Each structure stands twice: as C-alpha cells, then as structure tokens.
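> Sequence:
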Amino acid sequence: MALASALLQVMMDAVRKTARPMLRDFGEVSNLQMSRKGPGDFVTAADVRAEQTLFELLTKARPGYGFLGEERGEVEGTDKSHRWIVDPIDGTTNFVHAMPHFAITVALERFAPDGASEIVAGVTYNPVMNEMFWAEKGKGCYLNDTRIRVAGRKDLSESLIATGLPFIGKTGHAQAIKDIHAVGQRVAGIRRLGSAALDFAWVAAGRYDAYYERNLQPWDVAAGVLFVTEAGGIVTTIDADGDPKTGKQILATNAELHPQLRKVLQGA
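The numbering of the sequence shown is the numbering used here, which starts it at 1 and goes up by one.
Read the hints as simulated data drawn from the structure, not as lab findings.
None of the values given here were measured: they were computed from a predicted structure.
All C-beta atoms, glycine included, are put in the ideal place defined by N, C-alpha and C.
Errors might be hidden in some of the hints.
Stated by the list, open to error - Below 27 Å or equal to it, Euclidean Cα-Cα: the simulated DSS-like pairs (lysine-lysine) are:
| hint | residue 1 | residue 2 |
| --- | --- | --- |
| 1 | Lys60 | Lys178 |
| 2 | Lys17 | Lys178 |
| 3 | Lys60 | Lys80 |
| 4 | Lys154 | Lys137 |
| 5 | Lys178 | Lys263 |
| 6 | Lys154 | Lys245 |
| 7 | Lys139 | Lys245 |
| 8 | Lys248 | Lys137 |
| 9 | Lys154 | Lys139 |
| 10 | Lys139 | Lys80 |
| 11 | Lys154 | Lys60 |
| 12 | Lys248 | Lys178 |
| 13 | Lys263 | Lys245 |
| 14 | Lys170 | Lys60 |
| 15 | Lys248 | Lys170 |
| 16 | Lys245 | Lys178 |
| 17 | Lys154 | Lys263 |
| 18 | Lys245 | Lys60 |
| 19 | Lys248 | Lys263 |
| 20 | Lys60 | Lys139 |
| 21 | Lys263 | Lys170 |
| 22 | Lys80 | Lys170 |
| 23 | Lys178 | Lys139 |
| 24 | Lys139 | Lys17 |
| 25 | Lys154 | Lys178 |
| 26 | Lys80 | Lys248 |
| 27 | Lys80 | Lys245 |
Said to hold, decoys possible - Ranges of calculated distance between the beta carbons of each label pair, as one might list FRET restraints:
| hint | residue 1 | residue 2 | range |
| --- | --- | --- | --- |
| 28 | Leu160 | Ser30 | 25 to 31 Å |
| 29 | Pro166 | Ala98 | 19 to 25 Å |
| 30 | Pro166 | Gly27 | 28 to 34 Å |
| 31 | Ser81 | Ala188 | 40 to 46 Å |
| 32 | Pro259 | Ser5 | 19 to 25 Å |
| 33 | Asp241 | Gln52 | 34 to 40 Å |
| 34 | Pro21 | Thr246 | 38 to 44 Å |
| 35 | Ser157 | Val75 | 32 to 38 Å |
| 36 | Lys17 | Thr44 | 17 to 23 Å |
| 37 | Gly242 | Asp13 | 32 to 38 Å |
| 38 | Thr44 | Met12 | 22 to 28 Å |
| 39 | Ser157 | Asp13 | 42 to 48 Å |
| 40 | Gln266 | Ala188 | 20 to 26 Å |
Whole structure, please, built from the sequences with the hints as guidance.
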C-alpha cells in the first residue's frame, strides 16, 4: 500500500474537502439541465466556490506559498520558491452537461534561485469515480493505493490517443482538424473526453497510449506533466523546443511512441 508524504496528504485532503459540496452541485446540475435558464450561472458559482475553498485550505496548510488558479489568476506569496497551481473543475463543460468526467487538479511548483522551476507534487481527483491520481517527484505515480505506469505499446497503429478540441471563442480550430486528420490515419482510435487533467492521468495509468493538445494553460497540465514522467513516460512540446509546463502545446506518451507521434504532428 502506497504511503503519501505529509505534503501530498495536505493536497489530497484539500481536494477531497472541495469535492464534497461539488458532488452536491453536480447533482443540482443534473436537475438544471431541464430548466429554461440552464446550469451555466450555477456552474460558474460552483467553480469560483471550489477555487476559494482550495485557496483557503492550501494557504492555511502552507502559509506564504503563491497561488495560480483558473478563476482568480495569480496571487503572489511571501515564499517566492513555491506556488500552487489549481484548476477547481477541469472539464467544466462536462460538468455543465451532467457528464461525470471532470476533476479537481492541484500541483506544487518549486522555483530555483535562477528562476527555473519544476513541478514537485500533484494530485488530480475525479470525485464521481473516486479516483485519486497523485505523484511526487522521484517517487512514482499512483492511482489511489496502486502504482501505475504508462502503456508499453510500440506501434501507433495499435494505440489509443487522447486529444482536445478548442471550444467556441478559442483559436486553433483549423490546426486541430489537421492534427486529427494526420493522426487518425495512423492510430487505432482518437478520443476527446473533455478534461486535460484526466487525459494526462489516463496516459499515466496506461488507459491511453498518448495525449496531445495545443493552446492549454498551466493549470490544465501542471500535475499531469509530473504524472506521466513519474509513470515512466515522456512529456514534451510538439515542436523541438519549448516548456510543456506552459501548456501551449503538449505531447505525452511512452518512449517508443513519442518520436513517431511527434513526427506526425509536426507534419500536420
């Protein structure tokens, strides 16, 4: 049975406490689907409330740490070497439509004196499935109490690939279609389930063989980058240079598939 560190216990406790009212909200969203107004305003409130809960719990546990969240943006801390990166509901559109595929995700970023940074711990929790993915740098990646690893497939034609598609108001629609056209001819299947945080986690668990996406944000990818690398995989940008932690472009898979899929995407 895996034993999480005191740091990870803080993170797990925070997301579990945040998840309790979120599950009640999720039940309300199901009822709101039939209303004329719809669930949009309700979910916005749920999102903001969840991030506030995480902010309060994490700040209390580690006073002075900085905070970067999807809803409130960046809050500078007195401790300049640590920053929480948080997405209170990753997969909000799924949540809005009462689909049980969304997650709370929290990562801890540590800064060196020269300004370089790395993700040192992360948790992603799907409260409906009660699946807690977690990792700490150098200690492996886990799903609840079981250590997980990336899948070992070596042939793209046998691989199941995850991706995302830009929603209304976002750029990159044409490129996303080009990517799907290029990749889809070479793989066993492509899935778009709507939560980047869970896409990463599912690559780490071997459910997907790879995941790629463009135009994400740091809170979408922070924990997931750590998950895949700690599960024995590789996370890079699609192009030759770049920091995957920015979320601008992501490719996560195993060592064998990485050069094959990267070549396909670079040619799309």
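> Each of the hints needs a verdict: does it hold here or not?
Against the structure, the hints:
In summary, the hint linking Lys60 to Lys178 is not supported, as the alpha carbons are separated by about 46 Å, beyond the 27 Å threshold. A C-alpha spacing of about 41 Å is found between Lys17 and Lys178, which places the hinted pair above 27 Å, so the restraint is violated. Distance check on the hinted pair: Lys60 and Lys80 sit about 17 Å apart at the alpha-carbon level, within 27 Å; holds. In summary, the hint linking Lys154 to Lys137 is supported, as the alpha carbons are separated by about 26 Å, within the 27 Å threshold.
At most 27 Å may separate the alpha-carbon atoms for a hinted pair to count; Lys178 and Lys263 meet this at roughly 14 Å. With a C-alpha separation of about 26 Å, the suggested pair Lys154 and Lys245 falls inside the 27 Å cut-off, and the hint holds. At roughly 20 Å between alpha-carbon atoms, Lys139 and Lys245 fall within 27 Å of each other, so this suggested pair holds. With a C-alpha separation of about 22 Å, the suggested pair Lys248 and Lys137 falls inside the 27 Å cut-off, and the hint holds.
Between Lys154 and Lys139, the direct Cα distance comes to roughly 25 Å. Compliance with the 27 Å bound is thereby established for this hinted pair. Among the hinted pairs, Lys139 with Lys80 is consistent with the structure: their alpha-carbon atoms are about 24 Å apart, no more than 27 Å. Between Lys154 and Lys60, the direct Cα distance comes to roughly 45 Å. Violation of the 27 Å bound is thereby established for this hinted pair. The hinted pair formed by Lys248 and Lys178 meets the criterion: a straight-line CA distance of about 17 Å does not exceed 27 Å.
Restraint check for Lys263 and Lys245: satisfied, since their Cα atoms lie roughly 21 Å apart, inside the 27 Å limit. Taking the CA atoms of Lys170 and Lys60, the gap is near 35 Å; set against the 27 Å cutoff, the hint is violated. With a CA separation close to 13 Å, the supplied pair Lys248 and Lys170 stays within the 27 Å bound. The suggested pairing of Lys245 with Lys178 holds, with an alpha-carbon distance near 24 Å, which does not exceed 27 Å.
Pair hint Lys154 plus Lys263 holds up; C-alpha atoms about 15 Å apart against a cutoff of 27 Å. Only pairs whose Cα atoms come within 27 Å are accepted, and Lys245 paired with Lys60 is accepted, the gap being roughly 26 Å. For the suggested pair Lys248 and Lys263, the alpha carbons sit about 18 Å apart, so the restraint of at most 27 Å is met. Between Lys60 and Lys139, the direct Cα distance comes to roughly 25 Å. Compliance with the 27 Å bound is thereby established for this hinted pair.
Using a Cα cut-off of 27 Å, the hinted pair Lys263 and Lys170 holds, with the two alpha carbons roughly 25 Å apart. Of the pairs offered as hints, the one joining Lys80 and Lys170 is violated, with about 32 Å between alpha carbons and a cut-off of 27 Å exceeded. Among the hinted pairs, Lys178 with Lys139 is inconsistent with the structure: their alpha-carbon atoms are about 38 Å apart, more than 27 Å. Taking the CA atoms of Lys139 and Lys17, the gap is about 25 Å. The hint holds against a cut of 27 Å.
Proximity of Lys154 to Lys178 is assessed by CA-CA distance (about 23 Å); at most 27 Å being required, the pair is judged to hold. Only pairs whose Cα atoms come within 27 Å are accepted, and Lys80 paired with Lys248 is accepted, the gap being roughly 24 Å. Distance check on the hinted pair: Lys80 and Lys245 sit about 18 Å apart at the alpha-carbon level, within 27 Å; holds. Taken as a hint, the range 25 to 31 Å holds for the pair Leu160 and Ser30, whose Cβ atoms sit roughly 29 Å apart.
In this structure the supplied range 19 to 25 Å holds for Pro166 paired with Ala98, their Cβ-Cβ distance being about 23 Å. Between Pro166 and Gly27, the C-beta spacing of about 29 Å keeps the proposed range 28 to 34 Å intact. Remark: the range hint 40 to 46 Å for Ser81 to Ala188 is upheld by a beta-carbon distance near 44 Å. Checked against the hint of 19 to 25 Å, the C-beta distance between Pro259 and Ser5 comes to roughly 34 Å, which is inconsistent with it.
Hint check: Asp241 to Gln52, Cβ distance near 37 Å, so the stated range 34 to 40 Å holds. Judged by the Cβ atoms, the range 38 to 44 Å given for Pro21 and Thr246 is violated: they are separated by roughly 31 Å. Taking 32 to 38 Å as the suggested C-beta distance range, the pair Ser157 and Val75 does not conform, at roughly 47 Å. Between Lys17 and Thr44, the C-beta spacing of about 21 Å keeps the proposed range 17 to 23 Å intact.
For Gly242 and Asp13, the Cβ-Cβ distance of about 34 Å falls inside the hinted range of 32 to 38 Å, so the restraint holds. Between Thr44 and Met12 the beta carbon distance is about 26 Å. The supplied range of 22 to 28 Å therefore holds. Taking 42 to 48 Å as the suggested C-beta distance range, the pair Ser157 and Asp13 conforms, at roughly 43 Å. Taking the beta carbon of each, Gln266 and Ala188 are about 21 Å apart, inside 20 to 26 Å as hinted.
Of the hints listed earlier, those the structure fails to meet are numbers 1, 2, 11, 14, 22, 23, 32, 34 and 35, in rising order.
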